[in-house]
Every structure is written in C-alpha cells, then in structure tokens.
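Asker: Please build the complete structure, drawing on both the sequences and the hints.
Each protein sequence line maps, in turn, to chains E and X. Numbering (the working numbering) for the first sequence: 1 to 148. Numbering (the working numbering) for the second sequence: 149 to 684.
Since the hints were made in silico from the structure, they are not lab data. C-beta: ideal position from N, C-alpha, C; glycine also. Heads up, a few of these hints could be off.
[To be verified] Taking lysine-lysine pairs in the PhoX-like style, the calculated list, with each CA pair at most 25 Å apart, reads:
no. : chain 1 : residue 1 : chain 2 : residue 2
1   : E       : 64        : E       : 82
2   : E       : 102       : E       : 82
3   : X       : 576       : E       : 102
4   : E       : 82        : E       : 71
5   : X       : 460       : E       : 82
6   : E       : 102       : E       : 71
7   : E       : 102       : X       : 460
8   : E       : 74        : X       : 460
9   : X       : 381       : X       : 411
10  : E       : 102       : X       : 512
11  : X       : 343       : X       : 411
12  : X       : 248       : X       : 262
13  : E       : 28        : E       : 64
14  : X       : 460       : E       : 71
15  : X       : 512       : X       : 588
[To be verified] Have a look at the derived ranges for each label pair, beta carbon to beta carbon:
no. : chain 1 : residue 1 : chain 2 : residue 2 : range
16  : E       : 119       : X       : 494       : 31 to 37 Å
17  : E       : 117       : X       : 463       : 23 to 29 Å
18  : E       : 53        : X       : 486       : 54 to 60 Å
19  : X       : 632       : E       : 112       : 34 to 40 Å
20  : X       : 525       : E       : 6         : 39 to 45 Å
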Amino acid sequence: MNQTTSAEILLIEDNPQDLELALRALHKAHLAKRIQVARDGQEALEYIFCEGTHAGRRIEDSPKVILLDLKLPKVDGLEVLKRIKGDPRTHAIPVVVLTSSKEQNDVVESYHLGVNSYIVKPVNAESFIAAVQQLGVYWLQANQPPQI
Amino acid sequence: MGGEMSMNNDHQSESVTDNATRTEQDKTRTEQAKTWTMEQSLRASELSYRRLFEAARDGILLLDVDTGRITDVNPFLVELLGFSHDEMIGKTVGELSPFKDVVSNQTMLERLQKDGYVRYENLPLETRDGRKKAVEFVSNVYQAGDRNVIQCNIRDITERKQVELALIRLAAIVESSDDAIMGKDLNGIITNWNKGAEKIFGYTAVEMVGASIMRLIPADRRDEENHGLENIKRGKSVEHFETLRQTKDGRLINVAITISAIKDASGEIIGVSKVAHDITDRKMAEDKIRQLNVELERRVIARTAELEAANKELEAFSYSVSHDLRAPLRAVDGFSQAVLEDYGTQLPEEGRRYLQIIRDGTQKMGMLIDDLLTFSRLSRAPMNKQKVNTGELVRTVLDDLRLQQEGRQIDLRIGDLPMCAGDPALLKQVWINLISNAFKYTRLCQPSVIRIGCTREQEQNVYFVRDNGAGFDMRFADKLFGVFQRLHRAEDYEGTGVGLAIVQRVIHRHGGRIWADAAVNRGATFYFTLEGEIKL
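Answerer: Given below as structure tokens:
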C-alpha cells in the first residue's frame, strides 16, 4: 500500500470482514503485491484522481483493475463508476463491480455506465475465495490492459 | 224570387193635341224614362244579389214571413247540410232535421216580429250524414218589393271554433308549464309572460309585460341578449343555450333557454318566443359530481403516491436485505472456513463438526435470503403479458431440470398444453417450481411417475402437474402456499418453503387460481388456471 508506487489493484470496500477475506484470498494466491485499499467512495475518488492525500500521485500510473463495491459510505459505488468512466484520463481502467447486490437495476445501471465486469459476492466461503482469485488471475495476468 | 219585384209597365200611347197636353206628354215621357231606368237598375241589382246568393260562402235560407216556410236555399247550404234544394223548399226551419232541436220555428218567428232579427251565435248541428258542425245563425226580416221576406244566414264556424279551442288549450298548456314561456318583440319588450315565468323569475305578468327583457339579464351578459336578438332578426335560429339570469330578488339562476322567431301570416318576423328552463338544480348536481370527481382524482393521486412510496420503501428494503444480510453471513462462513483451513489440524473432530454446522447454517440462511428476494422481486416486477406457448415453455424447463435428475427412473408424460396469455418469465418460474417439486417429492419412488397436462373445466384451461410422490395431508392444505411454510421435514426434503408461495403469487397476478389435491405417500396434483382465454 505504498502511495508513491502505483498499485496493481485498487480495492474499494467498506466492510472490514469482506475486505479481510478478499485480501486473504488474493495473498493466498500470491496475486497482487501492490494493493491500494479505499474504504469509501470519497477516498477512492481522491486516489483515482490524485487529490487530497494522493495529490502527489501521477494519474497515468493507473491500477490494472479496480474492484468496486456498490454500497459505500459518502459517495456510492455507481457514482464512483460514473466518474471513472466519464473522465477521459481514467475511463480505460478496467472496473469490476464486486458486490452483494443481485438487483437487476444495479447490474443494468453498472453496464450502462461502462463497467467491465459484474460479480455478485457469494455467501459461500469457497465460492467467494475462488471468485476473488479468478478475478485476480484474469485481470492481472490474463488480461492485456491498454498502455495509458 | 218571383215577379213581385216587377214594375207596372202598362202605358199606352195617347192622342194629345194641345201644349198643355204636350207638356203632360213630356212629363209622362220623362216618367216613363225614369221608370225604365229604375227597372233597369232593379234588374241589375237583382242579378248581382242573385250572384251573391249563389256564390256566397255562407248558407242562406229565404222564408216566407207569414208561414215561415222555406222559399229558397242557396247552393252552399245544400252542400253544408247535405239536403237537396227540393228537400228543403216548403219546410219550416224546425222541420229540417239539423235544426229540429235547436231552432223552434214559433219562437224564431215571434222574436223576428218583435226585434226584426234573431241571432244564434253557436248552434251545434248535425248534417244529414252525421257530421258535427257549429254554425252562427242570423235571421233578418226585410222588405223585398211589396212583401216581407226572412233571410237566414248560416255561417259554418266549425273550423273557427276548433282553432279557438286549440288556442285555449295552447294557452292553458303555456300557462300551466313549469318552464318560463315568454314572448317579446324585436326591441326586447316583453309581450307574454306565463305562470312558469312568474315562478322562476319572481315577477308577475303585470310587472313584466311592456317591460324590457333586460330586467332579467345580468349586466355582464347584456351583449348575449343583443346578439341573440340580432340573430333572430337576421333569420338565424338561436336554438338552445345555457346561461345565467337574475330573479326579482336578485338571485342568479342557471337556465337553459330555447328561443325562436314568431312570424306573422306573411312570414315576417314580429317577435321572439323564449322558453327558459330552470337548471339550477341540475347545475348544482353537475358541480357536485365535478367536485366529487376532483376529490376522487385527488385521492387516487394521493393513494398512488402512497403506493409508489410503499413500493419504493419495499425496494429499498429488498436492496438492503440483498446487500446487508449477506455480508455478515459471508463473514461467518468465510472466517469459519479460515479457521478450518488455518487451524483445522489443531481442532478436535467435534470442533471441526461444529464449525461445519455453523457453515451449513449460513448456507441455509443464504438460500432463504435468495428465495425471499426472488419472491419479492416476482411480486412487484412489472408484468409483460403476451402469448405464451406453454408446451414449448414446459419442455425448456424440463430440459434444464432433467439434467439434475440423472440416474433416476422417471416415467414422465406431457399431455396437450394449450397456449396461454401471460408473462413468460413469471410463468417459467411457476413451471420450474412445480416440476422441480414433483422431482423432489418422488425421489424415493420406484419409478417416479409425473404427468403434466391440461383439462378443460367450466370453459377454462386447468393446467396440472401430478406426481406419485410423498404427497401431504390435506388437513394442512391451507398452509401450502404460505411463505416459509413447509409440510415436510428439512432432513427428508430440503427447501425453504418459498417455492409454492412464489407460484401462488404469480398465478394470482395473472388473475388465475391455484389449488392442490393430495394424500400422504400417494402423490400430489397441483392445478392452476390463468385469467381469460385467448383466441388463437
């Protein structure tokens, strides 16, 4: 979570247990040495757009993937998604919604805003771990991001 | 008329010699000429009288003054009474059947002697062929030459009487009408004013006849009246309109007015007739209805807003359930799993079993939440009604479900399944739930027998799914479709108790009915109908 070096994953998650389980799954699979965590929408936007405590970061050093929860304090996930996809400097960054919500409205709205993938967090531990690890493998290793 | 009118013309030429005689002769010649001229003029007079007599549109009888017997009858009376000329000549008036009971010869003659004339204003007669006539009968005595003659003039006033009667009736109708019926001239001066007008406007006829109609018209509507009068004068009809009028005591009343032109015999417009109907009560009723409608509309809007708010709240609630209830479960399961993974080897067998029970609980809870959300979603999702090919839908559902039943002996037959109207996604859920129940509750049967079909009852399609499985006790049938209600133990048949609640909710949303028939260990049949019929 070094703020000067760019992170491979930006993990936006307010729930401490979900956060810990996700980090545990990623570490177990030896994925993502550099993970940046944001605990609410406001913090996430400051990191992405290099504002506030992240003012020194270069916006070009974007993460390979952003894992985004939808229900967040301060600024909610859909708003964060809208800001990322609405800004030419950031709209190419892959964003994966990782949420508890199965609501069709959320799914449809997310895709409308340009989300790259939508994953419903499974309640079952094995399924959850598998989902997070597959995400990591896919977006960090299999996927070829654009050179910004 | 006989020779009684002829003058003495018996002059002979005489021998006259002297002047005096010549003068005498001249005189006589002048007399003779005079006489001749008189004679001529009398002849002419008689001729014109005769012509009048023959052509008159009144009946004329001539009677002998001494005997009272008819001496002459004109053609009009012959036609009027239906008796021939000869039948009447020589009779007294009283002897003629039409006059028999109404004119006594004696009385008439006596009165003629005394007054010189007799007049009956309205005599009812019956003609020879039975027609009723009303006549005016006037007798005069006058001198014709050297004799007195009685002339009776008989005028047919039947038609006039009928017109008079009609007018009296009309006047009575006008007078008794509850509507105000008024006449006015082309300057708007009132000429007629009935009782209805008195009642409606409060003014008497004495007050209004001769007064201007403007008295009734509120100041801001004077133009309306002028305009209406102009139209009538120009021959345009202003047939029917609703407006306000002012009564004597200053109230404004709603009236429906019909106006039309009054024309004289030559067709010239001489005035306006106006019928005003008091519609204040009707207007009040209309206002009341309008008011009620507005109120109803307002309530509907308020109720709709309430429902929308409730629906929004429900959505927010579901969202919350969907999102927040799962997170702690994931923590319980995730960290139980972490304990097992990281410290499993340090735990005794029993400890590991307890952790597994905790994890099973979270899975069960997760399913309950999912089913509850499905139930809620299907209950409020907008309906997308269309023609649904039931047979095709059921086969698609079976293709998916059969994959999970591999290795089982299932005798499954599908009957004829008619098309229906409904939301395909919702109906698919119905068939999934009913058929998977059939698979589930026949798990222990060898073989499992499942029948899917449709029967026709009371002109409705009744779809059914029948199995030979565990069935249930019909005493508990009322609990069958309740949310979280189960009639079997979870150890025997897994489930959350939401499936049939979903089925019932969907069927009800389609306006259909659902019911079941079953016996313990002898299978169950679920029936359902869908609203209406579609013509295919």
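Asker: Between residue 74/E and residue 460/X, does the CA-CA distance stay at or below 25 Å?
Answerer: 22 Å, holds
Asker: Is residue 82/E within 25 Å of residue 71/E, Cα to Cα?
Answerer: 14 Å, holds
Asker: CA of residue 343/X to CA of residue 411/X, is that 25 Å or under?
Answerer: 23 Å, holds
Asker: Given the hinted pair residue 64/E and residue 82/E, is their Cα-Cα distance within 25 Å?
Answerer: 18 Å, holds
Asker: Below or equal to 25 Å on CA atoms is what counts here, so check residue 102/E against residue 82/E.
Answerer: 19 Å, holds
Asker: Verify the CB-CB distance for residue 119/E and residue 494/X against the hinted window 31 to 37 Å.
Answerer: Given range 31 to 37 Å: holds, Cβ gap about 33 Å.
Asker: Is it true that the CA of residue 102/E sits at most 25 Å from the CA of residue 512/X?
Answerer: Distance ~18 Å between residue 102/E and residue 512/X Cα, so the pair holds.
Asker: Against the 25 Å threshold, does the CA-CA distance of residue 381/X and residue 411/X hold or violate the hint?
Answerer: 11 Å, holds
Asker: Given the hint of 23 to 29 Å, check if residue 117/E and residue 463/X actually sit that far apart at their C-beta atoms.
Answerer: 25 Å, holds
Asker: Need the status of pair residue 460/X, residue 71/E: alpha-carbon distance at most 25 Å?
Answerer: 17 Å, holds
Asker: Within 25 Å, alpha carbon to alpha carbon, are residue 102/E and residue 71/E?
Answerer: 12 Å, holds
Asker: Is the distance from the Cβ of residue 632/X to the Cβ of residue 112/E consistent with 34 to 40 Å?
Answerer: 36 Å, holds
Hint compliance for this structure: hint 18 is the single one not met.
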